[in-house]
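The sequence shown runs 170 to 345 under the numbering used here.
Hints are computed from structural coordinates only; laboratory data are not their basis.
Here the structure is a predicted model, which means the values were calculated and not measured.
Heads up, some of the hints might be wrong.
[Claimed, not checked] Label-pair restraints from in silico Cβ distances:
(1) D280 x T333: 21 to 27 Å
(2) A258 x S189: 28 to 34 Å
(3) F341 x A198: 16 to 22 Å
(4) A281 x D199: 40 to 46 Å
(5) D277 x E233: 31 to 37 Å
(6) A222 x N181: 23 to 29 Å
(7) A256 x G223: 24 to 30 Å
(8) R291 x A234: 34 to 40 Å
(9) D279 x R340: 19 to 25 Å
(10) P203 x R291: 40 to 46 Å
(11) G237 x Q260: 37 to 43 Å
(12) R252 x V206: 20 to 26 Å
Virtual Cβ for every residue (Gly too), placed ideally from N, Cα, C.
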Amino acid sequence: MDEWVGFLRNVNQGQRGHPSTADILAAFADAGVPDAVTFQSNGTVVFRADDPAGAVADAVRALEARTGLRRDACALPLSEISRIVDAHAEQPDAARREVSFHADGRIDPDDAELARVAAHRRCRVVDAGEGWVVSVNERAGEGNATPTIEEVTGEPATSRGLPTLVRLLARFGAPG
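Please build the complete structure, drawing on both the sequences and the hints.
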């Protein structure tokens, strides 16, 4: 069974109005994933499950039942995260790159409307795959990809900086 990474949207664990680490881990346990591990405090969860998408959906429902907080979430295999990081971590602008996760299939990085929205939000999309997009922000420390992807797709998205994903792989190991 492969390791997966769940990305909860709009989470700052332990802050007022956000779920705690214990809430998130209990929700995953309720979803049949008792060995889930959180990473940092941004709603990133590493886990193994026979049905990863189902486990994340069940965890989101369990989290809402436990806390009253509704959060959207996406999941990708850790091996896919590793491929994304391998393709982008050595770029000269890697510190300004972020990866957005969404449930709207594959987005064409060359789409004119996407380019227009991204430029308005001071970023540009440089790569995409099934359920993810890599963008480069004009300035370090900015995170403009989430609203860009949400505007283009009309669906929730969540993003993590590429350096965060590099640290994730350093902690959990790159598969393969």
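Tested hints:
1. Distance hint check for D280 and T333: the Cβ-Cβ separation is about 26 Å, which falls inside the suggested range of 21 to 27 Å.
2. Hint check: A258 to S189, Cβ distance near 31 Å, so the stated range 28 to 34 Å holds.
3. Separated by about 19 Å at the C-beta atoms, F341 and A198 satisfy the suggested range of 16 to 22 Å.
4. For the hinted restraint 40 to 46 Å between A281 and D199, the CB-CB distance of approximately 44 Å keeps it satisfied.
5. Judged by the Cβ atoms, the range 31 to 37 Å given for D277 and E233 holds: they are separated by roughly 33 Å.
6. Separation of A222 from N181 is about 24 Å and conforms to the stated range, judged on CB atoms against 23 to 29 Å.
7. Checking the proposed 24 to 30 Å range against A256 and G223 shows it holds: the Cβ atoms sit about 28 Å from each other.
8. R291 and A234 have their C-beta atoms about 38 Å apart, which keeps the hinted 34 to 40 Å range intact.
9. In this structure, D279 and R340 break the distance hint of 19 to 25 Å, their C-beta atoms being roughly 34 Å apart.
10. Against the hinted window of 40 to 46 Å, the Cβ-Cβ separation of P203 and R291 comes to about 42 Å, which satisfies the hint.
11. G237 and Q260 have their C-beta atoms about 41 Å apart, which keeps the hinted 37 to 43 Å range intact.
12. For R252 paired with V206, a C-beta distance near 21 Å keeps the hint of 20 to 26 Å intact.
Figure legend: structure checked against the earlier numbered hints; the only hint not met is number 9.
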